[in-house]
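2 protein chains.
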Amino acid sequence: MLSGQLESTNQVILDHLASSVPLIPEVARHLIAAGGKRLRPLMTLAAAELCGETGEGPRLLAGAVELIHAATLLHDDVVDESALRRGLRTANIVFGNKESVLVGDFLFARAFELMVRTGSIEVLGILSKASCIIAEGEVLQLTTSQNLETPQTIYLDVISAKTAALFAAAAEAGAVVAGGDAEKVAAMRAYGLNFGIAYQLVDDALDYQSSGAVLGKTAGDDFREGKMTLPVIRAYAASTSDEERQFWQRTIRDKDQRPDDFARANELMRRDRIVEACLQEARGYAEAAASSLAVFPVGDLRGTLEDLAIGSAERTT
Amino acid sequence: MLSGQLESTNQVILDHLASSVPLIPEVARHLIAAGGKRLRPLMTLAAAELCGETGEGPRLLAGAVELIHAATLLHDDVVDESALRRGLRTANIVFGNKESVLVGDFLFARAFELMVRTGSIEVLGILSKASCIIAEGEVLQLTTSQNLETPQTIYLDVISAKTAALFAAAAEAGAVVAGGDAEKVAAMRAYGLNFGIAYQLVDDALDYQSSGAVLGKTAGDDFREGKMTLPVIRAYAASTSDEERQFWQRTIRDKDQRPDDFARANELMRRDRIVEACLQEARGYAEAAASSLAVFPVGDLRGTLEDLAIGSAERTT
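Top line first, the protein sequences correspond to chains U and W.
Its first residue numbered 219, the first sequence is counted upward by one per residue in the working numbering.
Its first residue numbered 219, the second sequence is counted upward by one per residue in the working numbering.
Heads up, the list lumps identical chains together, so a pair's fine if it works in one copy or across two of them.
Subject to a maximum C-alpha distance of 35 Å in a straight line, what follows is the list of computed DSBU-like cross-link-like pairs (lysine-lysine):
| id | residue 1 | residue 2 |
| --- | --- | --- |
| 1 | K473 | K255 |
| 2 | K347 | K255 |
| 3 | K316 | K347 |
No lab work stands behind these hints: they were computed from the structure.
Note that this is a predicted model, so its numbers are computed, not measured.
All chains should be built: construct the whole structure from the sequences, respecting the hints.
Next comes the structure, spelled out in structure tokens:
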């Protein structure tokens, strides 16, 4: 059932990339047609279906959610100066930073046009608020960059905002557009939020363990950017000597990096089993996501979402 | 009447810059508190008042319109690599490109949150569509950059989209939120659209004649960027020798510029009275804007808007 819905959501997305300016669909397709797991629209569709609705509204909304996601990816890659995503060169590399900024703006505006077509002002409220929070999370992340003293709570604030807020809104809005009651709406929101936190925890952990081929992006990107993700917070705290602390200070705080530094960082993390600890933390959130579905009757769709959450924390290198 | 409304709209805007991440209001205030003429929210408020409504709805909407404008300015300055705006160093220079991109995203999302509070899905439809068109205009402008063969019609498409679409939407949405009938809504839209075209024509003309102090930005920016604005289209067409054509090809097409080139460009434009011709063209649109107000009864407010339109085309160096 969901896969048919996801198929027509893909069509909604591709239809809405159309523009009188050919460069716009070209840039947008480069990103969107390259794949991606479509997890956010899937969550919207599943939430709507769990609340008894499989019509046009959820599909439009699911398309809007994916367009917001695509817009943030285009802007993120400019901000992070990334070169690889979904196994392809990023749009900022292929087309340029200016093009990525402006096409991101276009997709964001198009997403709101799509939401208007659902006729639900409540949905527009949920997604506009989430879009604010995403931007806040991105800026907060920028201000923690290279700061080795960043507390874990701030890191959780960052990922809750920049990643989990959109999952939460996607799931919540799906339930709302389907006319779900307050309990179901809250359950789907909790599912999306916890799922999103687990998802980003895993992503940040694997950046210290995967090859580029597995990740679909360049492994070690976070390290090279001096991004304060949980593995670095934990590894710095686990330092056993001044020499080790100085290693993190030089590579992350001062961003003075040499060819072998990423290997050394990985070695220190392996010694202290940092990546495993982060994945363990992710599992906690994934289980919380799955549990929040208890308000829905046992069935295939609920089972699919439970497996999706648990599976997200089982991604390995 | 309008000035009181504009005052409380300013308050709406400042209130909505609040964020748990202090850098966001800091970047946003740098731009917004630096001034600006608030022409777009003024148009929203005036349109609403002409349709008999001076309450909370128009103020929220006017705030949203100015936030969209501010978001596009932050992104434009990144895209154009501008250094000066409203007489101050641009946010991208003071805070950085990344910060400007992300705070622009935040303001855009906040604008939609504000519109949700008006409760009017029609208004959301008008402004989300306009936001798409603005981004299309910016991308179209990017694709015409340095192309001396750009026809005047494409230039008009660019400025209609990147500038006039927001003026049109601001005025139209003001009439809609006030419950104006179809004739009044169409009249306000026509006013905003023609006003916006006149406004950008003047802006582009003055870039070849003003000092930075008058413009509040760096004169000659368009020339240095190789932007295909009407003055260059006209001046290139008016070339009287191969040497002159080669001058434009070297400076605009090849962007190979020397210290005296901008002075030479100005000199050629003075000889052919290019700036005057562009300002004349602007006057035509300004008059069309003023005429579109004929559906409203003669009165102070209609007079103010007429003067605003005619005055916009009288800006001199």
